[in-house]
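Undergrad: As given, the protein sequences belong to chains A and B, one line each in that order. Residues 335 to 711 in the working numbering are what the first sequence spells out, letter by letter. Residues 4 to 510 in the working numbering are what the second sequence spells out, letter by letter.
There could be a bad hint or two in this list.
[As the list claims (entries may be wrong)] Mimicking EDC-like on lysine to aspartate or glutamate, the simulated pairs with C-alpha atoms at most 20 angstroms apart in a straight line are:
#, chain 1, residue 1, chain 2, residue 2
1, B, K61, A, E592
2, B, K253, B, D123
3, B, K61, B, E128
4, B, K186, B, E128
5, B, K425, B, E466
6, A, K648, B, D402
7, B, K338, A, E353
8, B, K204, B, E466
9, B, K142, B, D170
The set of hints was computed from the structure by calculation and includes no laboratory data.
Letter by letter, the chains look like this.
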Amino acid sequence: MTPTASRRNYQLPFTIRIEPRLNVPRWLAPLVSVGAIVVALLLGAVVLKLVGGDPLAAYAHIGRAAFGDIGVFSDTLVKATPLIMVGLACSVAFRMKLWNIGAEGQFYMGALGASAVILSGLVPETASRPVTIAVMLVAGMLCGAAWGLIPGWLKAQLRVNEIITTLMMNYIAVALVNFFVFAVWSEGGFQMSKTFQKAAWLPRLADYAKEFTAFRGLTTHFGLVFGVLAAVVAWYILYRSLWGYEIRLIGDNARAAEYAGINITRNTVLVMMLSGALAGLAGVSEIAGVVHRLQTSISPGYGFTGIIIAWLAKLNPLVVIPVSILFGGLILAGREIQPSGVPRLIQGIILFMLIASEVLLRYRIRIVRTAAVGTEA
Amino acid sequence: MADSFLAVEMRGIVKRFPGVLANDHVDFDLRAGEIHALLGENGAGKSTLMSVLAGLYKPEAGAILVHGQPAQFNSPRDAIARGLGMIHQHFTLVPSQTVTENILLGLDEPRFLMRLPNYDKRMAELGTRFGLQITPQAKVWQLTVGEQQRVEILKMLYRGVQVLIMDEPTAVLAPQEIEELFKTLRAMAGEGKSIVFISHKLNEVMAIADRITVLRHGRVTAAGLRSADTSKAELAKLMVGRTVLFDLDKKPQAPGEAVLTLDGVCADNDKGRPALRNVSLAVRAGEIVGVAGVAGNGQSELAEVITGLRHCTAGRVLVQGEDITNRPARLAIHKGVAHVPEDRAHVGSAPNLSITDNVIMKSYRHPPLAKGGSLDRSAARRNAERLKEEYAILAPSVDTPVRLLSGGNLQRVILARELSAKPQLLIAMQPTRGLDVGAIEGVQRLLLTQREAGAAVLLVSEELEEIFALSDRIVVLYEGEIAGEITEHDPEAIGLMMTGGKRRTGG
């Protein structure tokens, strides 16, 4: 509060008012998002200029490096594949306001589970590719789900904050993978296991180069199909199933859900398991599609990028796909320009702008001419 | 323009909110030493107009004169400096501090050393002068709501206000406390202070006000009527714009079997303190049992115990002969218990979900809405369209998020959901609170329709008039116990029971 006399009439000829929107037109959300990205790129250009770069050239380079030809676009899709899955993992959990920050750990557990069935010899080397892959998927997703179950159960039964538990469990998962890589499955003292048998490799486009010459050298693997399928399934669960209705109701108003007779305890555990399984799927896909062995540092922080992707996709599983491709491109192109630094910074600006632009969806800003002096006094 | 008798003059006040013209060229004047009631339905613009006077809002147009001098307020502090103070519905007190500390908060004196005992004495003196009994050393959290209101009044008196604006001051009080408040207000008016009394309750306005100004849809429909020259019926007409039926057409009807039986029920509140003590009660098919009582005497806990939302520490809850004590909320829903909750926004609805999603909250598990594990979207939509029509829910479409609906329309959404399930037992908590007079009547008729359809209805309300108009039997809850039961129209007896003055055994 200001003292009585200090704030007197030095008024502008207009005032800016922020008013809540009563209804949001359908076209507004995409328009605002595109506008936010444009503004972010402009700001990024200023930064590039300040560090002595040529913004136009840099952006052109990013575009070419990520989407310039079929070869690099294929690489972009390889990066996008795990992002889709962890993006989905975060989306389903966040939809219920369960803040699963542990997709990274669940990713590692998925990779560990899938590797375990191969390296322990549970799946014989002679097993066919579909059987091998199926067992890997089940094992990896179960391990991811288990990594979601623990914080889910703690949250549901003992009200332990899931942000803390999921975050901490990331470190445990990474350490666990390191333990197996260094101690159990170490190949000749290196920090990696032996390479899996071919039956445990997800097929790549390049594998069909004989039939389709256009596919030569393309690294995009079958995990992308799993990712898209998972997105469709997650979308159906959230928007078309009874369970999804319960999840959305709990997410919007837990007390109302309780009042409607919905078991929140059970749903907390189940949704955390689903989220963990989706992140685990990403781990399986990365192991079987790209790395083909278990090693340390299999993720450059996919699980955390998933949080951003889920948020940018407004928790809509189908929107997660294009957002992941955009981010996959940025990660790839970023490496081309500079290992870290400016591309990361531009990513940050884009994210910041997109989140800040939310306010335009909820409020409208009006500039109103101030009434002539005299009527107001 | 300047009139020496007028403490305050407001001319042509215009205040706009997004999508609403809250005040449309409103004139209002207040004489020195009068109690002036500002009457109107919810959303008529009463609180807005007074918030403009108290410096909380700046009007788009219009002028304020205080004792004939033009005034412009940039903050409530400016208004208080000119002798205008407002007490809001929600108090602004610091619970962990004493009465005196709360009153001194934000003032320039004392500067560094508190010297509280001196001030305690002053507060006690000020209180005595206006008939406000308080203990200056008491911490605010220890006080009842009525006592907290007294602290708010003292706060304003201590700041030397000449004009006191009170926004719905009786909403939180028991009948006896209202009487005390009125005494204080009269004492203040006797000293030449002016009081603006915002209310939508006709009885109280007739009892306390010297003059009455009525607002409707942001405009003045009657300015400065002398209360001696008017009647409740005329005021109601001015408020609503049409004649309101006060006598609901309640048909006599013999109740059937007991649908709800409570047997020695005890429960704790959220803080783990006993909230219900040994409550026994039966509600039969085709009767409305009213539960009267000042808020916070166990009403919410009673509803939650019956609907399975609160743990019962002792006793039994039977619905249609089946013991549902401490069983999941879902079982109560399955047994035909409908629940119109007190808190519409935080319990009764999911604000960001559509009308379609909100009206299926209790029926989504069963066909025709459920198809295997999937939700039949088109069936849900048809269901919502039908209810929107049947219950006259005003909204652009069934896809509209319910947070955008007005209070009355949100209540219709909740009623549509609860009543369309054809309940055996309806628990209605404050079903008309905050609604317009017109909407109130609609809701009350719906409750009577349920009674005629043979449902057992437990009606919890703080509006005694409503309880009397609708109930076949009335029980009074006081500190978690049933203080008594009443069948005749006897406000005096109820008032005593509500404040713990008199106890009768239920019968």
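Undergrad: Would you mind marking each hint as holding or not holding in the structure?
TA: Right, here's what the structure says about each hint:
1. B/K61 - A/E592: Answer violated: B/K61 to A/E592 is near 42 angstroms, above 20 angstroms.
2. B/K253 - B/D123: violated, 54 angstroms
3. B/K61 - B/E128: violated, 36 angstroms
4. B/K186 - B/E128: OK: B/K186 and B/E128 at ~17 angstroms, within 20 angstroms.
5. B/K425 - B/E466: Not satisfied, since the Cα-Cα distance of roughly 26 angstroms exceeds 20 angstroms.
6. A/K648 - B/D402: Measuring from Cα to Cα gives roughly 18 angstroms; hence the hint holds.
7. B/K338 - A/E353: violated, 45 angstroms
8. B/K204 - B/E466: With Cα atoms ~10 angstroms apart, B/K204 and B/E466 stay inside 20 angstroms; holds.
9. B/K142 - B/D170: Given that 20 angstroms is the threshold and the Cα spacing comes to 24 angstroms, the pair is violated.
Violated hints, listed in ascending order, are 1, 2, 3, 5, 7 and 9; each of the other numbered hints is respected by the structure.
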